[in-house]
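*Asks:* Listed here are the chains, written in short residue letters.
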Amino acid sequence: MAAVEANLAGIRLRNPFLLASGIWGESGESLRGAYEAGAGGVVTKSIGAVPRDGYPNPTVETFESWGMLNAMGLPNPGIVEYPQEVARARAAGVPVIGSVFAGDADGFADVGRRMESTGVLALELNLSCPHAKGLGSEVGSDPGEVERVVRAVVRAVKIPVLAKLTPNTADVVALGLAAERGGAAGVSAINTLRAMSIDVTLRRPVLANGLGGLSGAAVKPVGLAVVWQLFDALTVPIVGIGGIRTVDDSIAYALAGARAVEVGTAVAFGGVGVFGELSRGLPGRLDELGFRSWEDAVGAAHAGRSRPTSSVPS
Amino acid sequence: MAAVEANLAGIRLRNPFLLASGIWGESGESLRGAYEAGAGGVVTKSIGAVPRDGYPNPTVETFESWGMLNAMGLPNPGIVEYPQEVARARAAGVPVIGSVFAGDADGFADVGRRMESTGVLALELNLSCPHAKGLGSEVGSDPGEVERVVRAVVRAVKIPVLAKLTPNTADVVALGLAAERGGAAGVSAINTLRAMSIDVTLRRPVLANGLGGLSGAAVKPVGLAVVWQLFDALTVPIVGIGGIRTVDDSIAYALAGARAVEVGTAVAFGGVGVFGELSRGLPGRLDELGFRSWEDAVGAAHAGRSRPTSSVPS
Amino acid sequence: MRQIVRVTERVQETPSTVTLRFDHAGAAAPGQFVMLWLPGDDELPMSLSWVGDRKGVTVKAMGDTSRRILDIPVGTRLGVRGPYGTKFDLSRQRVLLVGGGSGTAVLAPAAEAALAQGAHVTAALGATTANELLFEDRLRSAGAKIAVATDDGTVGHHGFVTELADRLLHEATFDVVWTCGPEKMMRKVADSGRSVGAPVVFSVERHMKCALGMCDACSLGPFHVCVDGPVFPAEQIARLDEFGRFKRDPSGRLVAA
Amino acid sequence: MRQIVRVTERVQETPSTVTLRFDHAGAAAPGQFVMLWLPGDDELPMSLSWVGDRKGVTVKAMGDTSRRILDIPVGTRLGVRGPYGTKFDLSRQRVLLVGGGSGTAVLAPAAEAALAQGAHVTAALGATTANELLFEDRLRSAGAKIAVATDDGTVGHHGFVTELADRLLHEATFDVVWTCGPEKMMRKVADSGRSVGAPVVFSVERHMKCALGMCDACSLGPFHVCVDGPVFPAEQIARLDEFGRFKRDPSGRLVAA
Ligand SMILES: Cc1cc2nc3c(=O)[nH]c(=O)nc-3n(C[C@H](O)[C@H](O)[C@H](O)COP(=O)(O)OP(=O)(O)OC[C@H]3O[C@@H](n4cnc5c(N)ncnc54)[C@H](O)[C@@H]3O)c2cc1C
Ligand SMILES: Cc1cc2nc3c(=O)[nH]c(=O)nc-3n(C[C@H](O)[C@H](O)[C@H](O)COP(=O)(O)OP(=O)(O)OC[C@H]3O[C@@H](n4cnc5c(N)ncnc54)[C@H](O)[C@@H]3O)c2cc1C
Ligand SMILES: Cc1cc2nc3c(=O)[nH]c(=O)nc-3n(C[C@H](O)[C@H](O)[C@H](O)COP(=O)(O)O)c2cc1C
Ligand SMILES: Cc1cc2nc3c(=O)[nH]c(=O)nc-3n(C[C@H](O)[C@H](O)[C@H](O)COP(=O)(O)O)c2cc1C
Ligand code: FES
Ligand code: FES
Chain Z
1 MAAVEANLAG IRLRNPFLLA SGIWGESGES LRGAYEAGAG GVVTKSIGAV
51 PRDGYPNPTV ETFESWGMLN AMGLPNPGIV EYPQEVARAR AAGVPVIGSV
101 FAGDADGFAD VGRRMESTGV LALELNLSCP HAKGLGSEVG SDPGEVERVV
151 RAVVRAVKIP VLAKLTPNTA DVVALGLAAE RGGAAGVSAI NTLRAMSIDV
201 TLRRPVLANG LGGLSGAAVK PVGLAVVWQL FDALTVPIVG IGGIRTVDDS
251 IAYALAGARA VEVGTAVAFG GVGVFGELSR GLPGRLDELG FRSWEDAVGA
301 AHAGRSRPTS SVPS
Chain L
1 MAAVEANLAG IRLRNPFLLA SGIWGESGES LRGAYEAGAG GVVTKSIGAV
51 PRDGYPNPTV ETFESWGMLN AMGLPNPGIV EYPQEVARAR AAGVPVIGSV
101 FAGDADGFAD VGRRMESTGV LALELNLSCP HAKGLGSEVG SDPGEVERVV
151 RAVVRAVKIP VLAKLTPNTA DVVALGLAAE RGGAAGVSAI NTLRAMSIDV
201 TLRRPVLANG LGGLSGAAVK PVGLAVVWQL FDALTVPIVG IGGIRTVDDS
251 IAYALAGARA VEVGTAVAFG GVGVFGELSR GLPGRLDELG FRSWEDAVGA
301 AHAGRSRPTS SVPS
Chain C
1 MRQIVRVTER VQETPSTVTL RFDHAGAAAP GQFVMLWLPG DDELPMSLSW
51 VGDRKGVTVK AMGDTSRRIL DIPVGTRLGV RGPYGTKFDL SRQRVLLVGG
101 GSGTAVLAPA AEAALAQGAH VTAALGATTA NELLFEDRLR SAGAKIAVAT
151 DDGTVGHHGF VTELADRLLH EATFDVVWTC GPEKMMRKVA DSGRSVGAPV
201 VFSVERHMKC ALGMCDACSL GPFHVCVDGP VFPAEQIARL DEFGRFKRDP
251 SGRLVAA
Chain A
1 MRQIVRVTER VQETPSTVTL RFDHAGAAAP GQFVMLWLPG DDELPMSLSW
51 VGDRKGVTVK AMGDTSRRIL DIPVGTRLGV RGPYGTKFDL SRQRVLLVGG
101 GSGTAVLAPA AEAALAQGAH VTAALGATTA NELLFEDRLR SAGAKIAVAT
151 DDGTVGHHGF VTELADRLLH EATFDVVWTC GPEKMMRKVA DSGRSVGAPV
201 VFSVERHMKC ALGMCDACSL GPFHVCVDGP VFPAEQIARL DEFGRFKRDP
251 SGRLVAA
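Line order of the protein sequences matches chains Z, L, C and A.
Quick note on numbering: the first sequence equals residues 1 to 314 in my numbering.
Quick note on numbering: the second sequence equals residues 1 to 314 in my numbering.
Quick note on numbering: the third sequence equals residues 1 to 257 in my numbering.
Quick note on numbering: the fourth sequence equals residues 1 to 257 in my numbering.
Treat the hints with caution; some may be incorrect.
[Stated by the list, open to error] To list a few chain L residues with every Cβ distance to chain Z over 12 angstroms, as calculated:
| id | residue |
| --- | --- |
| 1 | Glu36 |
| 2 | Ala91 |
| 3 | Arg114 |
| 4 | Asp232 |
| 5 | Ala252 |
[As the list claims (entries may be wrong)] Among the chain L residues that face chain Z by a calculated CB cut under 8 angstroms, a handful are:
| id | residue |
| --- | --- |
| 6 | Thr118 |
| 7 | Arg194 |
| 8 | Leu214 |
| 9 | Phe269 |
| 10 | Ala301 |
Think of the hints as simulated: they come from the structure by calculation, not from any bench.
For clarity, every value in this text was computed on a predicted model and none was experimentally measured.
By construction, the Cβ of each residue, glycine as well, lies at the ideal position given by its N, Cα and C atoms.
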């Protein structure tokens, strides 16, 4: 049977399936539940310096089974109280990656350092969250800011730092290169796509925040394109995210260049049991497809073919 | 019954449903067919200075009924031969908007002028096409370039000029404002989202070009968010595009701020009869929802509520 | 997935509690809840106090939003997602209900369904004062035996409904106890049930956002109340440290219940 | 929607023509085509020369891609989209086939299906030379009467298959004529059919990209061959200016056919 261990910037995972940030990530028992269901590891909810309630409801909208729109507004208990949740997950042996956000480089460094002290194996910087006052969406979409933030955190901590990139950009490669220059040990992509739903009967946006983020199957083609482009340009490992629900979805991400993947919305549509399906199904499917291991599949769609132009047609 | 006429930058349309560029747009008889099926008007395939074969097949991939990926590669007969197609459509009384593309401002002005002389009612500049050599994706995602191109075309022609914007950007409002400064009579949005599909059995991208563009239902939430943001910032009219298939989809775009809409992928999934369904269904549905007219619905979701932040959550 | 409905009827059940009825065709079973959206305002989880195609929710004034819901007139449009969550097992023959305050809202349709299937239902209803008792008449006319308790003694047992429930459990044999109300109350009911060997089933409330088992807002130990609950066997829940002691606030912090 | 199949059999039908068989479960009817993708290379429309679960396409060397398809070994993986397009109406009793070159590929399964339903089928087959005649044996053993024509006279009528067809149409009565081949050939068949009052049905080829009725690559007058065709009643098509005179190249330009 094909080996499915993944090595992400030095972190060894029993399988490449990580719980995506923001799903089941507020409580330590949920993190543990995802791991026990079969995940190789978990990424916490994005944690900030102080508690945040997030936006009022409605915070979610689903589109059949192909899409999910959310504007949670980064609710989180804050870095002062969150360590007890990490501790609970770690006590159960769960490999935890700590997701953090802040309004500027110093803020990221500060929360990142405090997250490090909880014993997480790595940090994931949510550089795709744009409502911190004074910085706005520039944090995540300005390569200069990305580099500055990553560098500040890398200097402040000893564990590997992953930069989570936004797909809401003209040039995700520039963002990835900036993260790499800043010292990121890897990049994660994608976060949600800026999107919205309007109720025609009520003549108003559905989400309390108006704008939200699209996730689920609908964004898989977008995530694949992002990972593909990043793989061609970067040397650090890539964590693929967006619309993964089946083993084949995850292998498509591996072929595009992802060394591990995160799974989010599929938990809402199919329950946390999706991690069991994925982890049980992966070895046999890799065998069928002729791969000796997960690692063997990483980037394999790039081999031996003339690289496509990075142009968008139509 | 509610009135459904639309007024787009001075162009009067019998209904707000336009055939989107790139669908049924290479031949005059197809343009006419879309109009006869019920469209209020048509946008031509994007036409360049010289004939282009486009990319080799495979050029399309469908995702169930929620999404379509394509990399046609802008096949078009070129502006020298295309006038005969416009002539055929105009002879049948079809309101035609001419879509054009080029590699730089001068090129746009040149093709635009020649398109104007075919008798089209307006131009739509495809600023979301990034494979013209030497300029790349900067044409559409750099506000400075957008303004320059629009200005050059506006100076070269007398008919209204619409700028078609890309959703592959961090800040679509900056692009819209640039188009407005350049003198655009309106903006169209969205074009497709950069995306990709990988076949795990074959270990390769499906489209010959590797990267392609996502359209269909999956991009409707993205298109609505773009139109919503543009409506808040611009004064020129907006043509809403992306995933429109039902009357309610079109009304959602109107509520977000679209004065007319274009329909593309729905033709592949449901046939050109979709224009009949839309145009027949609109008046009654507007009545049901309490609108006196289509115009009455334009922007109506913005009224009376505190505008949502333009932040992307999660 | 969200349906827009219109309030077709508004019933003032008690000074602090109102039932809103609306047409909604989704299949629903007693125990389940909907996410009820007051457009322009919040969206809250609400148990269905009426299942079937003419559904209803029964809302008690607690905080700002529920207070505003109380004031909306017939004809108001509401958004409805769901029904979501687990159901009461209606196959038991001898059922004891223990309802505290608005907790009775979710028990009433379960009692009616059980009675319609021939079960014997006894309802122990608690409230602060006599005119806050919920669905006493509704349950009586459906055929339930009623016992009431009020904090101020204006009617029935002067004291907690848990005391009443404990007495009933020791006087007669029940196949199951369904309870909904404050968590400390439900924990006491669980203790009484255990002492006489009667299985107890809770209907639990937690802060909810997605109701899809995704956002973790409603987590309670290893469970997510929105999908694993709200109806739980007491033994799954009562032993959790958190239960009756902590809940999570909207930020996800554990705060005193 | 795209299935990856493996070539299970390769039959050299003529020096320039090869049949590839593969397992594919999609429902298909005679007349329909698939988009056949040679990974790493182009994707081309190909009529199904075998319908059923063990499908087949019969490819003639025309340009670069078809030439490469001819050379692929058994075991090669291909992408298959479809089946797409319109079908032959198999209810007619007396059928005349007129096939030019690889055009016979799409007529063979239609003939077999009609024969299986008890129809009488006569096949007029044309080719440049004797050993380029396609599916002569296959059609004969299915029960069709065969007449052949070769450009060089190596076998059968020395000349065009259209002459043969015209003679057959004047000798006997046919309920329908099915024809596939060069457009000029099909137009002549339509003329013959009209002169004797026999309805003629074309199978038309046009450059294709999407095969979804979207991209306009295959437009022919008001029709899109990929969804309105490829099987058309001759009267819809033969009168179009374009037919037999122009086709659209990959850029969409009208060029001489
Ligand atoms: C599955 C489920 C079903 C529910 N069914 C019903 C129902 O049928 N009828 C009903 O009236 N409510 C029900 N609720 C509770 C309801 O969702 C709200 O929490 C409640 O209406 C208060 O909302 P608010 O925004 O007005 O108050 P908030 O502003 O959130 O809170 C105001 C005050 O009320 C207190 N409070 C809030 N919720 C509760 C609670 N559940 N129990 C005790 N105190 C509380 C808070 O601590 C605070 O002091 C249900 C909740 C869940 C999770
Ligand atoms: C619905 C449909 C069904 C088809 N079924 C079959 C089939 O069963 N078997 C089969 O072999 N082909 C079939 N074709 C034609 C096939 O799709 C290709 O066009 C053909 O194989 C040539 O492709 P190429 O890329 O090799 O040639 P190209 O490089 O496209 O062309 C090379 C040369 O061949 C000529 N040529 C290309 N296509 C044709 C044509 N259709 N007729 C005459 N000359 C042509 C060109 O003019 C050029 O000179 C079908 C086409 C359609 C639209
Ligand atoms: C409800 C919800 C909450 C999310 N919260 C966060 C978050 O706090 N931090 C973050 O980096 N990403 C967050 N995301 C984005 C996901 O981690 C992921 O990048 C995205 O949803 C795409 O993956 P998916 O399609 O598998 O869900 C959230 C997504 C959802 C649906
Ligand atoms: C096959 C195809 C070809 C397209 N070609 C063009 C084009 O030439 N010029 C252009 O501006 N947009 C082109 N588009 C984009 C559409 O006009 C439209 O912006 C997009 O598909 C979203 O709308 P939809 O979801 O209704 O298809 C094309 C889209 C498709 C699917
Ligand atoms: S409310 Fe989101 S997980 Fe239960
Ligand atoms: S091949 Fe695209 S419309 Fe027919």
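*Asks:* If a hint holds in the structure, say so; if it doesn't, say that too.
*Replies:* Verification of the hints:
1. Glu36: Per Cβ check, L/Glu36 is outside 12 angstroms of chain Z; nearest 25 angstroms; holds.
2. Ala91: Given that every Cβ of chain Z is farther than 12 angstroms from that of L/Ala91, nearest at about 28 angstroms, it holds.
3. Arg114: The assertion about L/Arg114 holds, with a minimum of 22 angstroms to chain Z.
4. Asp232: violated, 10 angstroms
5. Ala252: violated, 4 angstroms
6. Thr118: violated, 22 angstroms
7. Arg194: holds, 5 angstroms
8. Leu214: Nearest chain Z Cβ about 5 angstroms off; hint holds.
9. Phe269: Since chain Z brings no Cβ nearer than about 13 angstroms to L/Phe269, farther than 8 angstroms, the hint is violated.
10. Ala301: holds, 5 angstroms
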